[in-house]
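J.: Sequence:
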Amino acid sequence: MSLLVSLQDKKAMLSFTTGSHESMFSANGINGDMNVTLWPLQNGILHYCGFQVLAPQIFWAPPHIPSEARESMLEAWRTRLQGLLGETPLTFTPSDSFDGGRGFQLKEDVQDKHAANEFGLSVGIHLGKPLPPNSQIKAGV
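Each residue of the sequence shown is one higher than the one before, counting from 10 in this note's numbering.
Fair warning: there could be bad hints in the mix.
[Stated by the list, open to error] Listed next, with one range per pair, are the computed distances between beta-carbon atoms:
1. K122 x N40: 21 to 27 Å
2. D108 x Q66: 31 to 37 Å
3. F107 x T26: 31 to 37 Å
4. W86 x P49: 20 to 26 Å
5. K116 x S29: 34 to 40 Å
6. T26 x Q114: 36 to 42 Å
7. R79 x K116: 44 to 50 Å
8. Q120 x H73: 42 to 48 Å
9. G53 x H30: 23 to 29 Å
10. S32 x K138: 46 to 52 Å
11. P75 x D118: 49 to 55 Å
12. V45 x P75: 26 to 32 Å
13. K138 x R79: 33 to 39 Å
[Claimed, not checked] In the EDC-like style, the derived pairs of lysine to aspartate or glutamate whose C-alpha atoms are separated by at most 16 Å in a straight line are:
14. K19 x D42
15. K20 x E96
16. K147 x D42
17. K147 x E31
18. K116 x D105
19. K138 x E127
Quick caveat, the hints were computed from the structure, so don't treat them as lab data.
Every residue gets a Cβ at the ideal spot worked out from N, C-alpha and C, and that includes glycine.
Take the sequences, apply the hints, and build the full model.
T.: Right, here's the structure in full:
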């Protein structure tokens, strides 16, 4: 059995703290858009290996917020963990949307289907359009 098949029914999620506030990880923030930062990890590693990728748990700047806010973060994390396995995974462009005979480029019919959409399919497959907002941070986006 290949590794990809054995990971297919497994869920994965990134959980981490940042040293900066959420606004600093925006499209206009000093650290850049968090969706762009997460794309290679969540798509290029976790999804590529066959995992169902859950939205990340990001704790924004815990050293720089009041202790009450940190306690709220931890309580929200406890609550999330209780229902974690029932969460809807993030969505990624299916591999059958690409044409292996054309260097694994997005198929013409898929491009046509999304031509009128305001946003690209994903952070990495944006079709020259604006990135879908929060597609690497929240499921169902």
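J.: I'd like to know which numbered hints this structure contradicts. Please list them from smallest to largest.
T.: Per hint list: 1, 10 and 14 violated.
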